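Peer 1: Here is what each chain is made of, one letter per residue.
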Amino acid sequence: MTEKFSLEQPVNRRHFITRSAALMGGMMIAPRMAFASAPKKPKELIVRAWGGAWGDALKAGVADGFTKQTGIDVRLDFTEDNEIKPKIWAAVDQGRVPPIHVNWDTTTNATISALRGVTVDLSDLSNLRQLLPLAKPVGLEGYPLVNTYAYVYVCAYRPQAFPDGPPQSWTVMLDPKFKGRIALYDDGIGFNPVAVIAGGGTFADIPDNMEPGYAFYRKLKANNPLLGEDADFTNWFQNGEIDIACTISVNARAAKQNGIDVAWTVPKEGCKVDTDGLWVPKGLPENETYWAKQFVNHALTRDAQQKWCSLLGLPPVYPGIAPPPDLVNDVSYPTQAADFDKLLRVPSKALVENQPKWFAKFNEIFQG
Amino acid sequence: MKHSFRYPLAWRLLDWAEAAAAAIWPRRWASLTGYLLLMPAMLLVFVLVIGLIYIGENSLHELDIYTYRLKEAFSLINYRAATSATYQTIIGRSLGASAIVTAITMVLAFPYAYVMVRAASAWTRKLLLIALFLPFFIGQVVRAYGWLIVLGKQGLLNSILTDLGLPAIKLIYNYPAVILGLVQYMLPFAVLLLAPAITAIGEEAELASESLGANWIQTFRHVVIPMARPGLIGASVVVFTLTLTDFAMPEILGGGTTDFIANAIYDGFFQISNPGLGAALSMILVTIGSILVTIIFYLAGTGTLGFSGRRP
Numbered sequence: 001m002t003e004k005f006s007l008e009q010p011v012n013r014r015h016f017i018t019r020s021a022a023l024m025g026g027m028m029i030a031p032r033m034a035f036a037s038a039p040k041k042p043k044e045l046i047v048r049a050w051g052g053a054w055g056d057a058l059k060a061g062v063a064d065g066f067t068k069q070t071g072i073d074v075r076l077d078f079t080e081d082n083e084i085k086p087k088i089w090a091a092v093d094q095g096r097v098p099p100i101h102v103n104w105d106t107t108t109n110a111t112i113s114a115l116r117g118v119t120v121d122l123s124d125l126s127n128l129r130q131l132l133p134l135a136k137p138v139g140l141e142g143y144p145l146v147n148t149y150a151y152v153y154v155c156a157y158r159p160q161a162f163p164d165g166p167p168q169s170w171t172v173m174l175d176p177k178f179k180g181r182i183a184l185y186d187d188g189i190g191f192n193p194v195a196v197i198a199g200g201g202t203f204a205d206i207p208d209n210m211e212p213g214y215a216f217y218r219k220l221k222a223n224n225p226l227l228g229e230d231a232d233f234t235n236w237f238q239n240g241e242i243d244i245a246c247t248i249s250v251n252a253r254a255a256k257q258n259g260i261d262v263a264w265t266v267p268k269e270g271c272k273v274d275t276d277g278l279w280v281p282k283g284l285p286e287n288e289t290y291w292a293k294q295f296v297n298h299a300l301t302r303d304a305q306q307k308w309c310s311l312l313g314l315p316p317v318y319p320g321i322a323p324p325p326d327l328v329n330d331v332s333y334p335t336q337a338a339d340f341d342k343l344l345r346v347p348s349k350a351l352v353e354n355q356p357k358w359f360a361k362f363n364e365i366f367q368g
Numbered sequence: 001m002k003h004s005f006r007y008p009l010a011w012r013l014l015d016w017a018e019a020a021a022a023a024i025w026p027r028r029w030a031s032l033t034g035y036l037l038l039m040p041a042m043l044l045v046f047v048l049v050i051g052l053i054y055i056g057e058n059s060l061h062e063l064d065i066y067t068y069r070l071k072e073a074f075s076l077i078n079y080r081a082a083t084s085a086t087y088q089t090i091i092g093r094s095l096g097a098s099a100i101v102t103a104i105t106m107v108l109a110f111p112y113a114y115v116m117v118r119a120a121s122a123w124t125r126k127l128l129l130i131a132l133f134l135p136f137f138i139g140q141v142v143r144a145y146g147w148l149i150v151l152g153k154q155g156l157l158n159s160i161l162t163d164l165g166l167p168a169i170k171l172i173y174n175y176p177a178v179i180l181g182l183v184q185y186m187l188p189f190a191v192l193l194l195a196p197a198i199t200a201i202g203e204e205a206e207l208a209s210e211s212l213g214a215n216w217i218q219t220f221r222h223v224v225i226p227m228a229r230p231g232l233i234g235a236s237v238v239v240f241t242l243t244l245t246d247f248a249m250p251e252i253l254g255g256g257t258t259d260f261i262a263n264a265i266y267d268g269f270f271q272i273s274n275p276g277l278g279a280a281l282s283m284i285l286v287t288i289g290s291i292l293v294t295i296i297f298y299l300a301g302t303g304t305l306g307f308s309g310r311r312p
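Residue numbers (this note's numbering), protein chains in the order written: chain C, 1 to 368; chain D, 1 to 312.
Don't read these hints as lab results, they were simulated from the structure. Note that the coordinates shown come from a computational prediction; the quantities given were computed from them, not determined experimentally. C-beta: ideal position from N, C-alpha, C; glycine also. Errors might be hidden in some of the hints.
Quick list of the computed label-pair ranges, beta carbon to beta carbon [claimed, not checked]:
hint, chain 1, residue 1, chain 2, residue 2, range
1, D, Asp163, C, Asp175, 26 to 36 Å
2, D, Pro176, C, Lys282, 41 to 51 Å
3, C, Lys282, D, Ala30, 46 to 56 Å
4, C, Lys342, D, Leu108, 26 to 36 Å
5, D, His222, C, Lys221, 47 to 57 Å
Kindly generate the complete structure, drawing on both the sequences and the hints.
Peer 2: Structure follows, in structure tokens:
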């Protein structure tokens, strides 16, 4: 007689313990068996990340799950994305081992590194097949990087400063009553296309005719905007230094979750939408490259995407994941084609080729 | 009974050490010992010079935005960009701040150093010395952040103003805030460089001046200040050059629109990944700093920083 394991079959205590132990053991071993023929595991993987709410989300959403599955510790390195870039470039050029295993980067910066030839091809990752087309980097061969989610540079504001409702247009930033209480990124990132439209131009003017944007910046300069980085925006809202800012929705949401009275909107000119991604630098030992790629692959699983992106409050590249409850129908969480219609997406190629020029002009206006 | 004599252990150890030293560095090379001791410092300077040569070379190549590498061909395009109106403003702002910070710091540091050196009470001297050294244990970034807390919209000063029913005022994220932060940062450096110069002025010189009928102000002006000139020059050069190359204060207290040259260099290297432009700005900064310091040394001597500069 063949004994069959069935939930309907009465189970005595001895059988229960034996089967439970076997089941538990199987559950623990199964994921490890998937990597049974894998190269030697490194003690840890170093993943560059942004700090604050960003790093917390990566740890809880991706890193912890990866460690649980593989036993490899993940250390987050909060070196600024612009600072790690030349370090990796120099390491690869000089034949040294790069300082990190995985770079969590903006798609623009990642594309620049791909053009420089320092990124490992990720085309063989098994989880790429199930992703939305947004995951594929545009204008590059294969997958030198993989986009992991989209994000919007929203118009974040203090509701107290806007008693009549959310700002309808970015031109409200020119109102003298907001003098010194406006904030942008210190390199104009996220605002350049918006400035063109707010300055009277059209999306078609980008990138060849940015003059309307520069004209808008010149007017804006008279209103003494603050220029900063991600962390600054949360601090400035928290300390009552600003009333309105162009910042990534994650920062505004983090401020709100910290009890700061902040809201966000997409004004009539639209908001810039962009993507971030993951990439693995060349020059790592072979086994570490393998595990770094496995980390990226893990970040593309449904579980990791759901948890990571829900914590960030951003739409993932894995299809069919519902937005977090507080962001259902939110302008910063585009899911439908109609949502994207309100947003401005500048192709990576245009960003990569023009960012230095735009930055120079931005600098000329605000530092001059 | 005959006792065998043994030198004390310490003497024998010294003899061994001397013999070992003589084996490694024979006595006939004694005249070269000074150069040997100079070697590590020279090596460090040499490494810096090598780095500077690399930076200089990088500054002569244009960035290829299709590969984000510097082009092979030599070009002056980075220098054209680095001397554009924008960077002229930034360089002018940095030089202006250096002059202002140096002037204010000297005015504040001199009396502090004078009182610290001349105070009759040992407790006063120690208290002033501790107050001077305390900020050294707190880094520049923390000090700048401290100013944000004190001067911010919801900071200490504005809280007092609003408690008094007055409107809050904007005290940070502007040029004066950067100057204030820099003066506070530079003050200990200046006092420490002035103190030895003031110590070297004999009190009897001041007493002699007063006994000849000079009042305190005349003594200060005609005796103390001229005799402290080496210290004033040394402290001014250090404060000026440190301010000219400062990064953190304009970054943290400037609100993003009052960049100094160091911030522009950072942006060149990191923000826009253009090492050619960053290198050109670096070369300009080194050149300006070197020329200004050379002029000061030529006109006023090397002060406490030199051994054979002109005497006042």
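Peer 1: Do Asp163 (chain D) and Asp175 (chain C) keep their Cβ atoms within the hinted range of 26 to 36 Å?
Peer 2: holds (29 Å)
Peer 1: Between Pro176 (chain D) and Lys282 (chain C), does the beta-carbon spacing fit 41 to 51 Å?
Peer 2: holds (48 Å)
Peer 1: Okay, Lys342 (chain C) versus Leu108 (chain D) on CB: inside 26 to 36 Å?
Peer 2: 55 Å Cβ-Cβ, so the 26 to 36 Å window is violated.
Peer 1: Confirm or reject the claim that His222 (chain D) and Lys221 (chain C) have a C-beta distance inside 47 to 57 Å.
Peer 2: Holds, since His222 (chain D) and Lys221 (chain C) (Cβ atoms, about 50 Å apart) stay within the stated range.
Peer 1: Lys282 (chain C) and Ala30 (chain D), beta-carbon distance inside 46 to 56 Å?
Peer 2: holds (54 Å)
Going down the numbered hints, you'll see the structure goes against just number 4.
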